[in-house]
Amino acid sequence: MPDSRVSLGTVVLSLVAAVVVAALVYVFWPNEERIIRARLMDIASILTVPAHEADLPRMERVAHLRDYLASDIHVRYGSQEATTRDMVLGALIQWGRFPDGVKVEFVDLQVTLDPSRANAASAYLTAKITGRDSVDAREADVRLTRSDGKWVVSGAETRETLTR
Amino acid sequence: MRILLGANPRATLIRAAVLIAAAIVVFGYILLPIRMEGISMLPTYSGGINFANRYAYRWSPPQRGDAVAVRMAGEGVVFVKRIVGMPGERVGIEVGVVMINGEPLIEPHVLYKTLWNMPEVTLGPDEYFLIGDNRGMPMKNHDFGKASRGRIIGKMVF
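Residue numbers (the numbering used here), protein chains in the order written: chain A, 1 to 164; chain B, 1001 to 1158.
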């Protein structure tokens, strides 16, 4: 008669395997929210300025953002406004002149899919910009639309944490 | 293995589990660890690790002079500022001196001052006025102003 008892090691191993499988399914399951997060993280990565970056590489780096921004994007940073993608890219090329570089991170990212429109979403985040001797942080509301199957930023606006 | 878990592995594992659980409770729900960066709170805070006590204002409201953590989109990045104006008060800055309801505020924490000026604002019933201790830096580079009570996470421990 075969032995039907299952060893403790087998049980533990099965549980661990189940947890690993569940984690992998969670991470790789297609999910619009996660896709949007990944797109925004890509933007933060592109905005990060390496140290000693020359003009041409800077323009090349910023040009990668074209894929991530809607052509009719509307951005408001404090009192400054940009109403086309080219204006935004031009402003970013000017902004990215940091001899020592800066690191851009989007922290506390909250993504909300628009329940009434399948191709619209919004995000609320803190943009943290860390330089060699300085650190700055700004809250921002970001609007996204899906265009040709890709999520692109259609609007962004900074929000004042402390108001006067 | 014996070196790692000691003579009594079961007791070591229980101690480790208790320690991890305590750390999760303390740092997840009571004290928010904050790595201090930036210069706006000099000379009080110049860097290092500090904690915001989330329970400090559970039973009493924030007080003038308290250094507090203020949330942004979440708690991943926070401002650390000092409360100078209380709800309902009028706050202005005249030649570097904070004025509360027209009277100068004595601020022992502020050692560096330049000639900041800000027109008077009136705080709402749920608003506090917050400024960093470093008034030696240019005013335009210093984030300060009104924040609602809901944005104040807790009082700085150290």
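Since the hints were derived computationally from the structure, they do not count as laboratory data.
Cβ coordinates follow ideal geometry from the N, Cα and C atoms, glycine included.
Any given hint could be a false lead.
[Claimed, not checked] The calculated lysine-lysine pairs, modelled on DSSO-like cross-linking and capped at a C-alpha distance of 30 Å, are:
no., chain 1, residue 1, chain 2, residue 2
1, B, K1140, B, K1113
2, B, K1155, B, K1140
3, A, K103, B, K1140
4, B, K1155, A, K103
[Claimed, not checked] Cβ pair distances, simulated, as ranges:
no., chain 1, residue 1, chain 2, residue 2, range
5, A, T10, B, A1023, 20 to 26 Å
6, A, L24, B, R1064, 49 to 55 Å
7, B, G1124, A, A91, 48 to 54 Å
8, B, P1033, A, A91, 32 to 38 Å
9, B, G1124, A, S79, 20 to 26 Å
Hints, one by one, checked against the model:
1. B:K1140 - B:K1113: Holds. B:K1140 to B:K1113 sits at ~14 Å (cutoff 30 Å).
2. B:K1155 - B:K1140: holds (26 Å)
3. A:K103 - B:K1140: holds (22 Å)
4. B:K1155 - A:K103: holds (29 Å)
5. A:T10 - B:A1023: 20 to 26 Å: Cβ of A:T10 to Cβ of B:A1023: about 32 Å, so the range 20 to 26 Å is violated.
6. A:L24 - B:R1064: 49 to 55 Å: holds (52 Å)
7. B:G1124 - A:A91: 48 to 54 Å: violated (34 Å)
8. B:P1033 - A:A91: 32 to 38 Å: Roughly 36 Å apart at Cβ, these two residues keep to the hinted range, so it holds.
9. B:G1124 - A:S79: 20 to 26 Å: This hint holds: roughly 23 Å between Cβ atoms.
Of the numbered hints given earlier, the model fails hints 5, 7; all others are met.
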